[in-house]
Structures are given as structure tokens and as C-alpha cells.
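**Student:** In case you want the letters, here they are:
Number of protein chains: 2
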Amino acid sequence: MNKEISNGVETKRHSLAHILAHAIKNLYPNVKLGMGPAIENGFYYDFNDLKISDTDLPKIENEMKKIIKQNISFEKKEVSKEEAEDLFINEPYKLELIKDLYEVGPRAISVYKSGNFVDLCAGPHINSTKEINPESFKLTRIAGAYWKGDEKNKMLTRIYGVAFNNKKELKNHLALIEEAKKRDHRILGQKLDLFIFDEEVGPGLPLWQPKGAILRHIIENYLFEKLSSQGYQWLITPHIGRLALWKTSGHWELYRENIYSPIEIEKDQYLLKPMNCPFHVKIYNSKIRSYKELPLKFAELGTVYRYEKSGVLHGLTRVRGFTQDDAHLICPPEQMDKELEKLVKQGLNILKKFGFKKYSIYLSTRPEKYAGKIDEWEKATKTLKKVLEKLKLKYEIDPAGGVFYGPKIDIKIKDALSREWQCTTIQFDFNLPEKFKMAYINKKGEKQKPYMIHRALLGSMERFIGVLLEHYQGALPLWLSPVQIWVMPISSSQKKYAKEITKQLKSEGLRVELKDDNETIGKKIREAEIQKIPYSFIIGKKEVKSKTVSVRERKKGDIGKMKIKKFIEKKIGFTETRSR
Amino acid sequence: MNKEISNGVETKRHSLAHILAHAIKNLYPNVKLGMGPAIENGFYYDFNDLKISDTDLPKIENEMKKIIKQNISFEKKEVSKEEAEDLFINEPYKLELIKDLYEVGPRAISVYKSGNFVDLCAGPHINSTKEINPESFKLTRIAGAYWKGDEKNKMLTRIYGVAFNNKKELKNHLALIEEAKKRDHRILGQKLDLFIFDEEVGPGLPLWQPKGAILRHIIENYLFEKLSSQGYQWLITPHIGRLALWKTSGHWELYRENIYSPIEIEKDQYLLKPMNCPFHVKIYNSKIRSYKELPLKFAELGTVYRYEKSGVLHGLTRVRGFTQDDAHLICPPEQMDKELEKLVKQGLNILKKFGFKKYSIYLSTRPEKYAGKIDEWEKATKTLKKVLEKLKLKYEIDPAGGVFYGPKIDIKIKDALSREWQCTTIQFDFNLPEKFKMAYINKKGEKQKPYMIHRALLGSMERFIGVLLEHYQGALPLWLSPVQIWVMPISSSQKKYAKEITKQLKSEGLRVELKDDNETIGKKIREAEIQKIPYSFIIGKKEVKSKTVSVRERKKGDIGKMKIKKFIEKKIGFTETRSR
Chain R
1 MNKEISNGVE
11 TKRHSLAHIL
21 AHAIKNLYPN
31 VKLGMGPAIE
41 NGFYYDFNDL
51 KISDTDLPKI
61 ENEMKKIIKQ
71 NISFEKKEVS
81 KEEAEDLFIN
91 EPYKLELIKD
101 LYEVGPRAIS
111 VYKSGNFVDL
121 CAGPHINSTK
131 EINPESFKLT
141 RIAGAYWKGD
151 EKNKMLTRIY
161 GVAFNNKKEL
171 KNHLALIEEA
181 KKRDHRILGQ
191 KLDLFIFDEE
201 VGPGLPLWQP
211 KGAILRHIIE
221 NYLFEKLSSQ
231 GYQWLITPHI
241 GRLALWKTSG
251 HWELYRENIY
261 SPIEIEKDQY
271 LLKPMNCPFH
281 VKIYNSKIRS
291 YKELPLKFAE
301 LGTVYRYEKS
311 GVLHGLTRVR
321 GFTQDDAHLI
331 CPPEQMDKEL
341 EKLVKQGLNI
351 LKKFGFKKYS
361 IYLSTRPEKY
371 AGKIDEWEKA
381 TKTLKKVLEK
391 LKLKYEIDPA
401 GGVFYGPKID
411 IKIKDALSRE
421 WQCTTIQFDF
431 NLPEKFKMAY
441 INKKGEKQKP
451 YMIHRALLGS
461 MERFIGVLLE
471 HYQGALPLWL
481 SPVQIWVMPI
491 SSSQKKYAKE
501 ITKQLKSEGL
511 RVELKDDNET
521 IGKKIREAEI
531 QKIPYSFIIG
541 KKEVKSKTVS
551 VRERKKGDIG
561 KMKIKKFIEK
571 KIGFTETRSR
Chain D
1 MNKEISNGVE
11 TKRHSLAHIL
21 AHAIKNLYPN
31 VKLGMGPAIE
41 NGFYYDFNDL
51 KISDTDLPKI
61 ENEMKKIIKQ
71 NISFEKKEVS
81 KEEAEDLFIN
91 EPYKLELIKD
101 LYEVGPRAIS
111 VYKSGNFVDL
121 CAGPHINSTK
131 EINPESFKLT
141 RIAGAYWKGD
151 EKNKMLTRIY
161 GVAFNNKKEL
171 KNHLALIEEA
181 KKRDHRILGQ
191 KLDLFIFDEE
201 VGPGLPLWQP
211 KGAILRHIIE
221 NYLFEKLSSQ
231 GYQWLITPHI
241 GRLALWKTSG
251 HWELYRENIY
261 SPIEIEKDQY
271 LLKPMNCPFH
281 VKIYNSKIRS
291 YKELPLKFAE
301 LGTVYRYEKS
311 GVLHGLTRVR
321 GFTQDDAHLI
331 CPPEQMDKEL
341 EKLVKQGLNI
351 LKKFGFKKYS
361 IYLSTRPEKY
371 AGKIDEWEKA
381 TKTLKKVLEK
391 LKLKYEIDPA
401 GGVFYGPKID
411 IKIKDALSRE
421 WQCTTIQFDF
431 NLPEKFKMAY
441 INKKGEKQKP
451 YMIHRALLGS
461 MERFIGVLLE
471 HYQGALPLWL
481 SPVQIWVMPI
491 SSSQKKYAKE
501 ITKQLKSEGL
511 RVELKDDNET
521 IGKKIREAEI
531 QKIPYSFIIG
541 KKEVKSKTVS
551 VRERKKGDIG
561 KMKIKKFIEK
571 KIGFTETRSR
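In order, the protein sequences belong to chains R and D. For the first sequence, our numbering begins at 1 and goes up steadily by one. For the second sequence, our numbering begins at 1 and goes up steadily by one.
One should not assume that every hint holds.
Repeated chains share a single entry, so a pair holds when one copy, or any two copies, can fit it.
Said to hold, decoys possible - The list that follows gives simulated cross-link-like pairs (lysine-lysine, DSS-like), each with its CA atoms no further than 27 Å apart:
#1 181 - 287
#2 503 - 292
#3 342 - 503
#4 287 - 532
#5 515 - 571
#6 357 - 532
#7 171 - 59
#8 541 - 515
#9 226 - 506
#10 412 - 171
#11 358 - 390
#12 267 - 247
#13 247 - 309
#14 292 - 523
#15 81 - 32
#16 352 - 226
#17 444 - 495
#18 447 - 191
#19 515 - 292
#20 338 - 495
#21 443 - 515
#22 226 - 495
Calculated from the structure, these hints are not laboratory results.
Can you build the whole structure from these sequences, using the hints too?
**Tutor:** Structure below.
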């Protein structure tokens, strides 16, 4: 969904892919060509029989710059199948592509010639290499990639590059990448003892260490209190259910590639749940509902399991098991406007509480295949628009981007580096109420089908915590910090006082650790910075005497001596800060 | 584990099984005999070709009484195989049993004769029916039962009876059964909207409704706070893990019948976790541990899945998926005494908090097959004994009743009906530290294997809540009640004030519902009793005027008019009462 930084840069990227292949052919004439498209922020090209390492990249980059400086023009030519086969007689992968193209039907094929390099390509391209600033691109890395992305095929060597309109844009991008590296939540998670992955347990299945579990508990408790006060009711549902349930819901038919293989129990098949919805519907259906009970807002922190290829797993942000902050809003059609408005408003307030004040909003409309009736879709889409407009929220339309069961709003939060992260989704569902025959008794005493909305606000605890860590570079706000204060006596004669202070802070509901081992105070202070501890209390002779502590604040350093009571008045306050 | 009420009653029960069969033969001569043993509280007998219903039981009971009054003596006789086969020539099931007996090897067979009834039986029996008080037994129900308990065999008709030494004991028992029926948590769970089971989801998989989920949250939060303050650290681990993990742990070999069939992911097999232990060990092993960090106490509310036959599932007390309040204590051998003492003491205090002050304690020693070394077992068993004795706790030894990996203490709590429920278990583990090569660096800088204890205190949330509901007959203590107060205006002119009161109580952290629908106050009061609401506030004109509420307490009725502040002072107080 990222916009190109400026028009035409994609064409430049594509042309740079050709220039890369051209350079490779100059340097390694025997290499065979795969494919080379433009991608987000740059380009790549795949090669066969290319044995190189990262240290070869500058040499290749130089060769590309040489080509660019020759002001070579790009010329398009349409050729017949036979001409194409002649041109690429020594390029087996290109020959395969030509064959593929003709399997669809007879057609003209276009090739692009730039100097002595020619490639099978639909274009478009730049007119001449002089349009490219030689300082606006960089080769970034080498990776293995299966021909046509199919693991049954041969592994080729892929060279990735990034490219922009000018040097400055490239520099900004590289700086962002560097900054992002420092914020990599996988590294922070390890450094701060938050979570681990273990080969024997399996990829994509995080194990939360004590500090990570506290962080989750703080967030989950905050959600519990906040949503309870907003009228949500909590549910707890199992992690498996009979396959029959998912056949009824339609997920088995339409979502099977994300569902794990069934478990057999007493000749019956069960699935690890890929979503919580059918269970919530079962609880709704467990009694006759009256309009008087509606709206019902069912919430659950439900752990679901979905298949992802091991290759795409990424720390906490792409996992195989994750805990959704899931909710279902069930109400009569006429209540939906008002309820949705509350839902979006309250949701954005919660995101703000976590430090996310910027976001992009997308409204996805009816796709080609859909459940429900057209007029319901139109009404629902109108409702979503109306709510966004009433709340004066900017949004973009994603035409036909809705899920098959209803239109939706997606909110992508922007982190400190302006990167967008898909977290919140608010989706109409015309499918489940129909499939599970959901109903309520309306004012007239008649059975009526309710409207239902799925929504996940933070998305998943795993992903959201990954984003939080990157957003704050691990320096979480006080209320979210697993450890808020380190108490450090300078020498052993202050240990007793330090212990008392620790106890006192704990009794105030703060998360405190006493660091009274025999390290130097300097080392402890450095360690506190590394561990991103919000406050360190240093206790020497003077502090014992004056019944104070010397307070160091994360990033700020020394903020002076003070009494505990004053510290609490000044720096603590919200109940959430004190919740565990 | 229940003790017989008095000596000899088991013999009477066994003889009553014969008398039952005798009576059946008198009434239905063509019926074929199955087996008829004494069981807990009574006896049963299985019959083929017996078509009767509950309404026939009094008639059969009368026939039994007739037999008893004849003072028939029981005579034992040893017979050869041929004699036995002659005696039971018309009893195909008995002939099968005789054949089975001789398959083991040649032997004498004993039969018991009482009047004109004779049965294949090892005894012992009473001397004469006059030893049985005809008012001390009762036939209770009819059930289907497969011959030899094998579903491939024919279904026979089983008649159950209960029997005691005298009429009084029988009466007490029947009263207990009646009382237990009223407390059946499955019925209470439905009546109080706590949880449901659903056929399409699958048996043994509870779905928690909002009130049940709040109850779980209250308990879980209490445990979280309590155990955190006692130095436990919380973990969160996934619900699946690679099969390899369970091979390493030994569970795949020794525990497979309780584990569900594997899930295949990318050609690798994964299991739904039957226990949390290996995950906790993985987190322990994720870094080098020093003696300075020990003891480590890892806790998790981890949902595990274990196979149970659908026939033995029972409400919340026997399920297929349950959430253990699991913990692992890892420490150097020399710390174990002290840590175990704390663990048992703190554990009993927590049970007390939930209202369980009575329990039976069992210490189970080394079984024939075991992991670890004999001297370790002896040392560990001695430690367990020492701790129980130091805390002056009565216990019984269960010889060779330990699990293969270590000796254990089981604590069975006694409920209001003195029924015992297995909840707490504290188990040494010599297996996992060995299998996963757990270690810490001791004071001398050497690698050493730690001791590890598994413990579950409440056992599982599901089972414990089932027991809690039966113990309190659904009338949970204030701090555990999902809804603590109903606010009921008498007429619509008090609705506004009632709303204010509700808001005020909620802001005090109390769980309150406003009942302002147009039902009569009498109906609302009755409904509050049925729903076991601890307090009802009734608001009429007088209450509005005097800014008070009329308080009704569950079971007690009206306890007078008072101001909210006074009510809170008098009846509320503990922070747990106010936690959600």
C-alpha cells in the first residue's frame, strides 16, 4: 500500500534491474538470466551460475555506474516467437518464459535493448540511462530464490538493490533502514529478555519470558478494564473445535490453506482454531436473545493458529500462533451507526494511549465474490463511510478490497519511523449470522437477524508488542515497562536502606528491582540504560542520611535527589502505571 | 480412596449383589447372569435379556427383602472345572468366565450357594441374610453396560443399588446424594449463565459465558497478584510444539494415550500440548543460570489438552481441555526444604482463601518403574515428609503411588459435603532436568543439575470452578461473585436515582447490575435469590428521599436501610472484593 516516493521512480527501478543484468553479463558472461522486476523501494534480478558474495557488490555497482554514464538509450522492439527464440538462444530461462507466453495464445513479444544488452520485457523503461542519477541507487544484498518462486525449481542467486530519484532520497532511505535495524524487535526482545523462539518447539511459536509476560499482562489488563467499562463482555473459548463447526461457518471451504491439519478424536476430526468467531456465535446462540439485550459486545483474548510458510515468519510480527484482541459487536441494524461510531472513537483513543497518534485508514468495498445481499453491502459501506466522515477521519477507498463476508475499515498505525503497521480491522459480517441462523426477538415480538461486526483493535498481542518495541526502540513508557525502577545502593552499607525503599515502592504497586550485587555503580547505571529502565535510584551515604534517593531518568540522566513521596507525586499517578 | 463406612459393609454389599440376582431369577427366570460386584457405597449386577424400567425397581427390592427375611445362609464350595460347567450349564456368561479362569492355569473354582441361588464367586460373603438389615439398602438405577466393559460385546442391563450397615447410614447417604444433586455444577453453571457445552464444538470443551469468564478472571487475577508477591514469575507458552520436544521429554513414550494425534506442518509433526513443563524448561535453558538467580519459580495459567474418553467426561470436573495453574520451582538441592515448606504453606493459605479449610494429604512414594537414582528418591521423599511434619499436617502414605519421575504430595480438598476433590499436586521431577540437561553454575563455578518441582495448586481452573460451585451451591462469596449487587427501583420514578447509585457503586470497583425493567419488585427479589446475587438494593420513594438504599442480603433477606458509604464500610473492604 506504500505510495511511490515520486512518479516515474518505478520505471527507473525497472531500468536499473536491466542495468544490473547488463553489468553482470559484462563481468560474468556465462551467467544465465532469470527475471528482474521493480519492487518496493528498488529492484532485483535473479541469475543462474552466479557465485558471488557481498564483497562483490561494490564491483557490480561500479560496473552499473559505468553503463549509466555511457548514456545508453532503451529501445523497445516487438518480435515474433521465432525472433525471440533466436535472440535468447543461450538463455534457457528466457526461452521458458517465451514458451509460457505462447501457451496463453499467439501474441507479439516485446524486448528492450540497451547497448549490447537485450531483455524480454513488457516495459515501460526510461529513454536513456542519463535519466538515472548514478548516486541514487545501491545494491543491498544477495539471497537465494527459487526460479518462479517454486521450491521444486532450481535455486538462483538474487541481487537486491534500492533506488530513488536522487541521492538525498536514497540517503534518507538508508538512514531509515539503519534506524529500523536498531529498533528490530527481535533483537530488542532478546536483549530485554522478553521472549524467545526455540527450534525444538518450532518456528513462529514465541515463548514469553517473565518480563514479556508481564508486558502482555499489563496490556491485557488495561484492555480488560477499559473494554469492560465500555460495555464489552468477556468470553473464554477452547483452542480446538470439531471440523463440522468450520464447515458450517464456511471457513473450511474458503480458508483452508491457513488452517492446520485436523486432529482425530474418537473418529471425529477437530481443528486448531484459526479464529474465535464461531465460538462467540455459539455463545450468542446458547439462548434466545431479545432486542433488550442488544447491543451485545463479546470480547476475548483468544489465541488462534494460522498456517504461514516458515520462510515468511518474522519475529513477533508474523507468527503461527497469536492472541487476538478479538471482539464481536452484535446489534439490530438500526443501532449500527451509533455503535460503530463509538467503536472507532474508543478504539482510536486506546491506540493513542499506547502512543500511536497517526494512522492511515482504508475502507474496503465489495469484492467480486461475496456473501449477503448487494443492498446490505451498500448500506453497510455507507454506514462505514458515514462514521469516518462524522469523526472527521481521512481515509482512502480500497475498491473491491473487502473480505467475502462484508466491507471493512482497516487502520494502519504509523510508528516513530512513519512505517505503517496493519493492526486494527473492523469488518461487517453477513456470512456467520446467516450460516448459524443468529436471531433476536425484536420489539414486535418477531425473530430478526442481527448485524454483526468483527473487530480486532491491537490486532494481535504478539504483533502489537513487536510494533510497540520498534516504535519506542524498546524504551517503553513507564506504565508499560516490565521493570520501572532499579534501586542501586552504592556500597554494602546502604543495602538495608535500599531494601526498605524497594519494599516501599513495591507496596505502592510499582515494579521494582533491587540491584544490590557487588558491581560498581557505573556499571549498573550503564546496564540500566541498556535495559531501558525508566528510573534508577542511586543510594549513597548522603541519601541514607537525608532519607532521599538520587533519581536518574532514562535518556535524561540525573534529575536530582528527592524523597520517595515526592518522586511518586511527580512521576507516578495513573492507576495503570501501578498495575502489574 | 473413600474409606468404607464400617468394616464388613463391603461383604454385605457383595452379598446383596447375589441377593439381587437371586430376586431377578425368581421374578424373571429366563434372564442370564453377568457379573455382580460390590462397589463404592453399594453394588450392581448385570443381566442379559432383562427388559425393565425404573418403575420395576420397588418390586425387585421387595423380592430381595423377602429373600433376606428367610434367613438364608451363604455356603462356599470349591468345585472342579467340570462341576462348575455343569452348575452353570444354562448361564453362557458364567461359562465364559469359567473358561477365562482356566486359561490362566488349572485351579479350583469357588461357588457360593444361598438358597436355590448359586453363583460363581471368590467371596467372602456374610454367613446368613439375617445379617442384613432389609431397610439398609436401596436399588437406585438401571443402566446399560457392555459385557466385560468392552463396547464390542453385547450390552447388558445393569441394576445399581446402594447399601449400608443400617437404615440411618442409608438415609444419610441418600440425603447426601439429594444434596449433591442440588449442587450439581453442571446445572448451576447453566442456571447462572457461567458456561455452556456445545455438540458442534465437541464434548469436554467448555465455552465460558461472560459471567463465567469474569469468575475465571477474578480467580486468575487473584493468583497473579498473590503468586507475584511470593516471587513467582509468569510465563506464556504456545499450545502446540514439535513432537520432537515430547520425545525428548519422554512424554511421547510414556504418556501417549493421553496425547491427541499430531498436526502436520511443513512435513513436521506437532502436538497439542498435554502439559506446560517442557516449555518452561526451554525458557530456563534459554540462558546460562547462576545460583544467584535461584530459586526460580515459573508460573503459567497454561491451557493443556488431554485425551479422555467421551464416556467419562463430566461437566467442568472432567474435560478435554483445561487451564492448569501450573508452576515449576527450580532450585539447588540445598534450598529445597525451605522452598517446599513455603510452597505448601502458601498453597494451603490460598485454598483457605477460597473457603477450603479441610483436606486429606497423601504422600506417594517410589513406584516400580522410575527415573532418577534411588538415593535421590529417598532424599526427596524424606524432604516431603519433613515438610509435612514441620507444618504439623496429617498425611497418609500411598506406597509406590508416585509418578515415574518423582515422589509427590497430593492434597484433596474437602467440600461442604465432605466429598474429596483432587486439586493440588506437588511433584518432584528427576526426569526433565536430566532429559533437557538443565544446569546452573554453583558457588564454586561448576555446572550442577538443579532440583525441579512441578506444582498445580487449584489443579485446573475448570475443575476448581466446578468444585467451588458445588461447595457453595452456587452462592459464591462476595469477592468471587460475577455480579455482586442488583440495584432495583420499585417504580419508574426511582430509575434516575437507581442509575446514579449503580454508577457510584461501579466507580467503587464493584460489579453491579441495574434491574430497571418493568417487572414487579417481588419477581426481581425472587430472581436475585435464584441467581445467587449477594446483595440487592431496593429503591422506593423513601430511599430516594433519605438518600439510602434498602439492602437485602442473599439467604438473610432484609438487613435494613443504609447509605451507600455505610454499606461499603460494613460489607466491602478487601481489594479483591473490588477487583473485576
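**Student:** Could you figure out if residue 338 and residue 495 sit no more than 27 Å apart (CA to CA) within one copy, between two copies, both or neither?
**Tutor:** between (58 Å within a copy, 24 Å between copies)
**Student:** Given a CA cutoff of 27 Å, do residue 292 and residue 523 count as a within-copy pair, a between-copy pair, both, or neither?
**Tutor:** between (63 Å within a copy, 18 Å between copies)
**Student:** Given a CA cutoff of 27 Å, do residue 342 and residue 503 count as a within-copy pair, a between-copy pair, both, or neither?
**Tutor:** Classified as between: cross-chain Cα gap 20 Å, same-chain 42 Å, threshold 27 Å.
**Student:** At most 27 Å between C-alpha atoms: does residue 171 with residue 59 qualify within a copy, between copies, both, or neither?
**Tutor:** within (20 Å within a copy, 97 Å between copies)
**Student:** If the cutoff is 27 Å on CA atoms, where do residue 287 and residue 532 land: within, between, both or neither? Let me know, please.
**Tutor:** Close across copies (20 Å), not inside one copy (50 Å); limit 27 Å.
**Student:** Between the shortest in-copy and the shortest cross-copy C-alpha distance, which are at most 27 Å for residue 352 and residue 226: within, between, both, or neither?
**Tutor:** Classified as within: same-chain Cα gap 13 Å, cross-chain 31 Å, threshold 27 Å.
**Student:** Measure nothing new, just compare the shortest in-copy and cross-copy C-alpha distances for residue 447 and residue 191 to 27 Å and report within, between, both or neither.
**Tutor:** between (57 Å within a copy, 24 Å between copies)
**Student:** Are the CA atoms of residue 247 and residue 309 at most 27 Å apart within a copy, between copies, both, or neither?
**Tutor:** both (24 Å within a copy, 24 Å between copies)
**Student:** Regarding residue 226 and residue 495, is the shortest C-alpha distance of 27 Å or less found within a copy, between copies, in both, or in neither?
**Tutor:** Between copies, since 26 Å is at most 27 Å while 40 Å is not.
**Student:** Treating 27 Å as the Cα threshold, decide for residue 444 and residue 495: within, between, both or neither.
**Tutor:** Between copies only: 25 Å across, 73 Å inside.
**Student:** Quick one: residue 267 to residue 247, C-alpha cut-off 27 Å, is that within a copy, between copies, both, or neither?
**Tutor:** For residue 267 and residue 247, both the intra-copy (17 Å) and inter-copy (25 Å) Cα distances are at most 27 Å.
**Student:** Give the relationship of residue 358 and residue 390 under a CA distance limit of 27 Å: within one copy only, between copies only, both, or neither.
**Tutor:** Answer is within; shortest intra-copy Cα gap is 18 Å, inter-copy 61 Å.
The structure agrees with every numbered hint stated previously.
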